[in-house]
Amino acid sequence: MITDTGKKKPEADIAQVEINKYDFHTEERYVYKARKGLDEEIVNQISDLKGEPDWMRQFRLQSLKIFQSKPLPRWGGNLDEIDFQDIYYYIKPADRQGRTWEEVPEEIKRTFDRLGIPEAEKKYLAGVKAQYESEVVYGSLREELAKQGVIFLDTDTALKEHPDLFREYFGTIVPPSDNKFAALNSAVWSGGSFIYVPPGVKVEYPLQAYFRINAENMGQFERTLIIVDEGAYVHYVEGCTAPMYSSESLHSAVVEIIVKRGARCRYTTIQNWANNIYNLVTKRAVAYQDATMEWIDGNLGSRLTMKYPAVYMLEPGARGEILSIAFASRGQHQDAGAKVVHCAPHTSSRIVSKSISKNGGRSSYRGLVRVQRGAHHAKSNVVCDALILDPHSRSDTYPYIEIEEDDVLIGHEASVSRIGEEQLFYLMSRGLSEAEASAMIVNGFIEPLVRELPMEYAVEMNRLIQLQMEGSVG
Amino acid sequence: MTDVLRIENLHVSVADKPILRGVDLELHRGEVHALMGPNGSGKSTLGFAIMGHPGYEVTEGAIWLNDVNLLELEPHERARLGLFMAFQRPVAIPGVRMADFLRLAASNMRNPDRQEGEELIPMRQFRKELLEKMKQLRMDVEFARRYVNDGFSGGEMKRAEILQMAILKPKFAILDETDSGLDVDAVRLASQSIAEIGRKEMGLLIITHHDKLLEHNPPDRVHVMLGGRIVETGGPELAQELHQKGYDRIRAEHPEAAEAERAMRAETAQAP
Ligand SMILES: Nc1ncnc2c1ncn2[C@@H]1O[C@H](COP(=O)(O)OP(=O)(O)OP(=O)(O)O)[C@@H](O)[C@H]1O
Ligand SMILES: [Mg+2]
Numbered sequence: 033m034i035t036d037t038g039k040k041k042p043e044a045d046i047a048q049v050e051i052n053k054y055d056f057h058t059e060e061r062y063v064y065k066a067r068k069g070l071d072e073e074i075v076n077q078i079s080d081l082k083g084e085p086d087w088m089r090q091f092r093l094q095s096l097k098i099f100q101s102k103p104l105p106r107w108g109g110n111l112d113e114i115d116f117q118d119i120y121y122y123i124k125p126a127d128r129q130g131r132t133w134e135e136v137p138e139e140i141k142r143t144f145d146r147l148g149i150p151e152a153e154k155k156y157l158a159g160v161k162a163q164y165e166s167e168v169v170y171g172s173l174r175e176e177l178a179k180q181g182v183i184f185l186d187t188d189t190a191l192k193e194h195p196d197l198f199r200e201y202f203g204t205i206v207p208p209s210d211n212k213f214a215a216l217n218s219a220v221w222s223g224g225s226f227i228y229v230p231p232g233v234k235v236e237y238p239l240q241a242y243f244r245i246n247a248e249n250m251g252q253f254e255r256t257l258i259i260v261d262e263g264a265y266v267h268y269v270e271g272c273t274a275p276m277y278s279s280e281s282l283h284s285a286v287v288e289i290i291v292k293r294g295a296r297c298r299y300t301t302i303q304n305w306a307n308n309i310y311n312l313v314t315k316r317a318v319a320y321q322d323a324t325m326e327w328i329d330g331n332l333g334s335r336l337t338m339k340y341p342a343v344y345m346l347e348p349g350a351r352g353e354i355l356s357i358a359f360a361s362r363g364q365h366q367d368a369g370a371k372v373v374h375c376a377p378h379t380s381s382r383i384v385s386k387s388i389s390k391n392g393g394r395s396s397y398r399g400l401v402r403v404q405r406g407a408h409h410a411k412s413n414v415v416c417d418a419l420i421l422d423p424h425s426r427s428d429t430y431p432y433i434e435i436e437e438d439d440v441l442i443g444h445e446a447s448v449s450r451i452g453e454e455q456l457f458y459l460m461s462r463g464l465s466e467a468e469a470s471a472m473i474v475n476g477f478i479e480p481l482v483r484e485l486p487m488e489y490a491v492e493m494n495r496l497i498q499l500q501m502e503g504s505v506g
Numbered sequence: 043m044t045d046v047l048r049i050e051n052l053h054v055s056v057a058d059k060p061i062l063r064g065v066d067l068e069l070h071r072g073e074v075h076a077l078m079g080p081n082g083s084g085k086s087t088l089g090f091a092i093m094g095h096p097g098y099e100v101t102e103g104a105i106w107l108n109d110v111n112l113l114e115l116e117p118h119e120r121a122r123l124g125l126f127m128a129f130q131r132p133v134a135i136p137g138v139r140m141a142d143f144l145r146l147a148a149s150n151m152r153n154p155d156r157q158e159g160e161e162l163i164p165m166r167q168f169r170k171e172l173l174e175k176m177k178q179l180r181m182d183v184e185f186a187r188r189y190v191n192d193g194f195s196g197g198e199m200k201r202a203e204i205l206q207m208a209i210l211k212p213k214f215a216i217l218d219e220t221d222s223g224l225d226v227d228a229v230r231l232a233s234q235s236i237a238e239i240g241r242k243e244m245g246l247l248i249i250t251h252h253d254k255l256l257e258h259n260p261p262d263r264v265h266v267m268l269g270g271r272i273v274e275t276g277g278p279e280l281a282q283e284l285h286q287k288g289y290d291r292i293r294a295e296h297p298e299a300a301e302a303e304r305a306m307r308a309e310t311a312q313a314p
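Chains A and B are the protein sequences, given in the same order. Position one of the first sequence corresponds to residue 33 (the working numbering), numbered consecutively onward. Position one of the second sequence corresponds to residue 43 (the working numbering), numbered consecutively onward.
The reader is advised that the hints may include incorrect statements.
If we take Cβ atoms under 7 Å as the criterion, some of the chain B residues that face chain A in the derived model are [said to hold, decoys possible]:
1) M93
2) P117
3) A121
4) M127
5) V138
6) M151
7) G288
Keep in mind the hints are simulated off the structure, nothing from the lab. Please read all numbers here as calculations on a predicted model, not as lab measurements. Here a beta-carbon is modelled for each residue, glycine too, at the ideal position from N, C-alpha and C.
Take these sequences, add in the hints, and give me the full structure.
Encoded structure:
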C-alpha cells in the first residue's frame with residue numbers, strides 16, 4: 033500500500049501534487065530488517081547475509097574501528113544532531129533482484145513507476161539500477177552493451193561475479209581512512225553500482241541508477257565503483273529521493289571512479305532528498321593521460337549536504353570538470369563544492385558552481401584547487417555564483433588554493449547577487465506573477481549549467497527548481 | 043463604449059521625494075497621445091506608476107482602467123488587464139530565452155486567470171506566431187533564442203520591446219522613448235510597425251523627444267510635462283513647435299512648474 037505522507041491542502045494545486053510525487057511512503061514489507069544501531073555485530077550480520085569473502089568482512093570491521101576513532105568534522109555543517117545509534121543500517125527489501133519489472137515486488141515496482149523510472153528506461157537509457165533501502169531490486173542493461181563487454185551490476189553482485197577486477201580497485205580511490213563518513217560507508221556499505229567499460233567502447237545512452245529511501249530512520253550506504261578503460265566513454269546518472277519524516281535519515285555514499293588513458297566519464301547527480309536527510313557523500317575520480325572526468329551535481333533538498341566531488345589528474349593531458357548547482361531553502365544547508373588536484377603537467381580543470389538560497393536557506397561553496405610540484409602548465413578556472421532570493425537567506429564562499437608550482441594559470445571569479453527589483457518588475461509588467469518571475473530569473477541563473485545536461489535531465493532539473501521556487505517544499 | 047485609461051490628480055514619490063505633482067490624463071482605446079517634456083520632468087515616472095512599480099509610491103490621486111482601480115493591483119494583474127509599457131531602459135534577464143519568456147507572458151495575457159504551472163500556448167503554435175511577428179519587424183530569427191535583453195544593442199532592445207507589444211497585444215501601451223537608440227531606418231520601421239500592430243486597437247501614450255515615431259502615428263493629443271505636471275495639452279502643432287523652438291516658452295508661461303523643475307534638479311544634483 034502506498035500512502036501519501038504529504039498533508040494535502042484543500043486547494044491541491046499543481047505544486048502540491050508534484051511534491052507528492054516524491055513524498056509518499058510505501059508500506060514496509062521487508063525480507064530482513066537489522067535492528068537499529070551500529071556495532072561489530074551489525075557489521076558481521078551484514079557480511080553474513082551477503083555471504084561475502086573474508087577479506088571484505090575484515091575490511092568492514094577495520095573500517096568500523098576507523099569510524100569509531102575519528103571525531104566528527106568540525107567544519108561544514110552541523111552534524112551534532114545525528115544519533116548514530118538511532119539508525120537502521122541494513123534493510124533488505126526483496127529476496128532477489130529482478131531482471132524484469134514483473135519480478136520486482138508489486139509495491140516496490142509501483143514506487144518506481146510513480147517515480148517514472150521504467151518509462152525513462154524505455155525511452156532513453158542504456159541500463160538501469162533501482163535501489164530501494166539497502167539493496168538493488170532491479171537491474172537491466174541493453175544486450176548489445178553486455179555483448180561488448182560492458183559490466184553494469186550492483187556492487188554486491190560484482191563482488192561475487194568479478195572478484196579480481198573488484199578487488200583491484202575497490203577502496204583504492206577513497207580509502208576508509210579518508211574521512212569519518214567514508215569509514216562508515218566502508219563498514220556498512222550495501223548496493224550501489226559497479227560499472228566497467230572495456231577499451232574503446234562508447235556507451236551512447238546514459239546508465240542510470242535510482243536510489244530510494246523509504247523507511248524512517250534509515251541509513252543508505254551505497255557504494256559505487258566505475259572503471260572506464262582506455263578510450264572508452266560512459267555517462268552515469270543517479271537520482272535520489274525519499275519521503276518526508278519528522279526524524280532524520282542518513283545517506284552516506286562513496287563513489288570511486290577510474291578514468292584511464294584517453295577515456296571520458298561523465299557522472300550526473302540529480303538529487304531531491306526530503307528535508308530530513310543528512311547527505312554526506314564522498315565522490316572521487318582519478319584521471320590518467322588525456323582522460324576527462326566530469327561531475328555534474330544537482331543538489332536539491334536534504335537537511336544538510338556535504339559533498340565535494342573530486343578529480344585527481346594523475347597524468348599529462350588529464351582534465352577535470354565539476355559543475356554544480358545547489359538550492360537551499362528553509363531549514364537546509366548545502367555545503368557543496370569541488371576539489372581538483374593537479375598532479376601532472378599540462379592538466380586542466382574547470383569548476384562552475386551556482387547556488388541559490390531562499391527562505392532562510394544557507395548554501396556554501398567550498399572548493400579546493402591544488403597544483404602539486406611538477407604539475408607545470410596546469411590550468412584551472414573556478415567560477416562560483418550565488419543568488420540570494422531574500423534577506424533571510426545566506427551564501428558563503430570558501431575557496432582554497434594551494435599551488436606548489438610557478439608556471440600555472442589559475443582563475444577564480446566569485447559573485448553574489450540578489451534578485452533585482454528591476455528584473456522582477458520587468459517580468460511582472462509582462463503578466464508574470466511574482467513567483468513565475470523569480471522562477472524564471474533563477475532558471476536563467478542556472479541555465480549555463482543546465483544547458484550541459486541531456487534534454488531529459490535538463491527538463492527534470494528545471495522542474496525541480498520550479499518546485500522549490502513555488503515554495504511548497506520546505 | 044471604448045476602454046478608457048484615466049489618471050486623476052496623480053502624485054508620485056520616489057524614495058519619499060515627490061516627482062509627480064498632480065497629473066490628469068484620459069486616454070481612450072484607439073487614440074494616440076504624445077507625452078513630451080524636458081529630461082527629468084517625470085515622463086517615465088508616470089509610466090512606472092501606471093504599471094505599478096513598487097518603488098513609485100502613489101501618494102495621492104487615482105488610476106482607473108474603466109471602472110477598475112489599478113492602484114489595488116499588482117503589476118502582473120495590470121498587465122493582464124491589457125496594460126503594457128515599452129521600457130526606456132529594458133532590463134536584462136540573463137539565461138532566459140526571449141522565446142520562453144514571451145511564451146509564458148503571452149499565455150498569461152491570453153488567459154488572464156491562468157494559474158502558475160498551468161498549460162502554456164502550444165509550442166508549435168507560438169513559434170509560428172513569433173516567427174511571423176519577427177519577420178514583420180525584420181528581426182533575425184536568431185533573436186528568439188537570445189537571452190532577454192542580455193548584450194542587446196540599444197536598437198535591438200527597442201525592437202525587442204516592440205516585438206513584445208506585437209505578441210502581447212495590449213489595450214493600452216506606453217512607449218517610453220522607444221525611438222531613442224534606433225537608426226533612421228529602424229525608427230521609420232518601428233513607426234510603421236506600431237501603426238500596423240494596431241494603432242487603432244490600442245490606446246497609445248508615446249513618450250518621445252523626436253517626431254519620427256509620430257509620423258505614422260499622428261497624435262490626437264500632445265501633452266507637455268514640466269516639473270511633474272502636465273502644463274499644456276494641444277494638437278500635433280504643439281509637437282511641431284517644441285521640436286523647432288524647445289521649451290523656453292513653456293517655462294516662461296508656467297513659472298510655478300519651471301520653479302519645481304529647478305528645485306528637482308538641484309535636489310538630484312545634491313543627492314549622494
Ligand atoms: N528610481 C528612481 N530613483 C531616484 N530618482 C528617480 C527614480 N526615478 C525617477 N527619479 C527622479 O525623478 C525625476 C523624473 O525622472 P523621470 O525618469 O520620470 O524623467 P523623464 O521625464 O522620463 O526624463 P528623460 O526624458 O530623461 O527620460 C528625475 O529627477 C529622476 O532623477
Ligand atoms: Mg524617461
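Query raised in the report: Taking the closest Cβ pair, is P117/B under 7 Å from chain A?
Result: holds, 4 Å
Query - Interface hint outcome for G288/B [beta carbon to chain A under 7 Å] - result: violated, 32 Å
Requested in this report: Using Cβ atoms only, decide whether M127/B comes closer than 7 Å to chain A, and label the hint accordingly.
Outcome: Check passed: Cβ of M127/B comes within 6 Å of chain A, closer than 7 Å.
Query raised in the report: How about A121/B: closest beta carbon in chain A under 7 Å, or not?
Result: holds, 4 Å
Requested in this report: Would you check whether M151/B satisfies its interface hint, that is, whether its CB is within less than 7 Å of any CB in chain A?
Outcome: This hint holds: M151/B lies near chain A, its Cβ roughly 5 Å from the closest one there, short of 7 Å.
Query raised in the report: Under the criterion of a CB-CB separation shorter than 7 Å, is V138/B in contact with chain A as hinted?
Result: holds, 4 Å
Query raised in the report: With a cut-off of 7 Å, does the beta carbon of M93/B approach a beta carbon of chain A closely enough for the hint to hold?
Result: Interface hint status for M93/B: holds (5 Å vs cutoff 7 Å).
The structure is inconsistent with hint 7 alone, although it conforms to all the rest.
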